[in-house]
Amino acid sequence: MNKLYNSGDLAFLKKKKDINLGVSISLFFLATISLVLFVVFATYQTRKPLTVISSVVTSLFLIIAIYFISRFAFYNHIYNEYLTLMNTETKTSYLVFSDVSINPITLQDKSKVYEVRFKNKDGNVVLYLSYIFDTDIFVLNHRYKIETAYDYIVGYQDEN
Amino acid sequence: MKIKYPFKYYLRNYFIYYVVALVATPLICTYAVRVKTQPKDTQKYSIFIGADVKDQNGLKKYVNSILVDDLEIRTYHAMESESIFGQLLSANGRMSDILILSKAKADSLTVSALVDLSNSINLPFLDNAYEVEGKKYGINIKVNENLLLNNYVNYLDDDYYIFINPESVHTLDILDNGKTNQTYTLLKELYHL
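Line order of the protein sequences matches chains A and B.
The first sequence begins at 1 in our numbering and counts up one residue at a time.
The second sequence begins at 1 in our numbering and counts up one residue at a time.
There may be inaccurate statements among the hints.
Far from chain B, by Cβ distances over 10 Å, these chain A residues were calculated [said to hold, decoys possible]: (1) Leu30; (2) Ser70; (3) Asn76; (4) Thr90; (5) Leu95; (6) Ile105; (7) Arg117; (8) Phe118; (9) Lys121; (10) Val125; (11) Phe138; (12) Lys145.
Below, a list of computed lysine-lysine pairs in the BS3-like style, where the Cα atoms sit at most 25 Å apart [unchecked claim]: (13) Lys16(A) x Lys179(B); (14) Lys3(A) x Lys2(B); (15) Lys110(A) x Lys8(B); (16) Lys8(B) x Lys15(A); (17) Lys112(A) x Lys2(B); (18) Lys110(A) x Lys2(B); (19) Lys2(B) x Lys16(A); (20) Lys14(A) x Lys2(B); (21) Lys17(A) x Lys2(B); (22) Lys2(B) x Lys15(A); (23) Lys112(A) x Lys4(B).
Rather than coming from a laboratory, the hints here were simulated on the basis of the structure.
What you are looking at is a predicted structure, and each value in this text was computed from that prediction instead of being measured.
We treat Cβ as the ideally placed atom computed from N, Cα and C, and that holds for glycine.
Looking at chain B on its own, in the form it has when it is part of the complex:
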């Protein structure tokens, strides 16, 4: 019996499967590895800053030194003058736990998307808070004073505020629905409470 596997003929027939294997495998691997290694919301802490950051690694180390050790710190920054700032803010700022923005930029935001801190009894440093209709949304950063954060950030003007994302899981001790109190711990350290 003369029999030979006709590779070329079957390659044509199975070509789509070879292509799918080549394309789908990297996608599946990347997705699977990402799912496995993706830190949970409680294992990461994100900060979005609407100013220039002088030393991003230094800032991460500083924040890490205040918060629990195994927390993955992520910082995003963009100059508010940049044309793509709005896109960066909605992409990165929306998932960040706290946002540091100028008053001018905050004026252009929908404040209902931020946490109203008026009733938070644990935050005594709301003197110059960012207010809209009597509600306090942002904690003033004393740019000219010795706030340790100032060592890492170049602010563009004097009026900057720390806003808290209502979706954050780190709002315990500030709101009722948080899972950890990392934001409160960070604010306490920044304001020397």
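Just chain A, same shape as in the assembly:
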């Protein structure tokens, strides 16, 4: 059984989110330090150049910090999705894939997933696959053992 959600990837995501959070906090801290330093220097130097320099440097730190915060938000979201789906009891189904369509969609919480629609003898089935996984894992007319948590595909095995 190919586990899509596994502890190795979870550790990788945790490391990614922690690094991005650390970098963004450091940059916010540097932005604060740069602002304070330039304001202190302004007491001894001419006012205008220091205002410009402190604006540019602080702004630069802030913008890079916001970039890393957004990276953190991304990895944190994926990490939480991983954690939830790993800890949820899974359901096993056996499916023969025919007429599969895989479309990227955006859910209400703005996260992106692949909507996997296919037909088998029981009728139409709709499952979801996180967009961080490859979509070409399924081969038409092959029989698959599918593990799902909620409506998400969390594991699969080609029975052919």
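Please build the complex by placing chain B on the supplied structure of chain A, with the hints as guidance.
Same frame as chain A, now just chain B:
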């Protein structure tokens, strides 16, 4: 695991934060630097002149030579004939320590906004003071005499007066509520006391 940070998607989501950082940072920096470098009221001395100033730097140096060294001298001037004179007077004159204005212009002002010098025993040069209802508000500038200030200012007529802003912190020795006596020191020098 195929995973790539979707920068464009997150740029859209965080766009407002990037804009706020770009706009707010210069404002915060400017404000913080200004607050830090802004001289206190006792460290600056402002003069508003309703006439043409020939040599602004010379005037600042001259005033600085009379007053304490670390005082930041600010001079504002505007021709009384200018249409925006009233706006300049209310913007700059209101925060100046002394105002030098013609009699004609003083007539159009609310004198209650100026210091009544009638009871100031330290000012013996109130002979031709600007008076309203028996109260003396302005000290006459002897335009045709050797008042050192005349070297820097082109007066428009003969009747000019020095008025003192009641909000000024430099009115010690003239009023009871001042913090420094810079105005008194300046007047003493100008009138050779």
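Compare the structure with the hints numbered earlier in the document and write down the numbers of the violated ones, lowest to highest. Structure breaks hints 2, 13.
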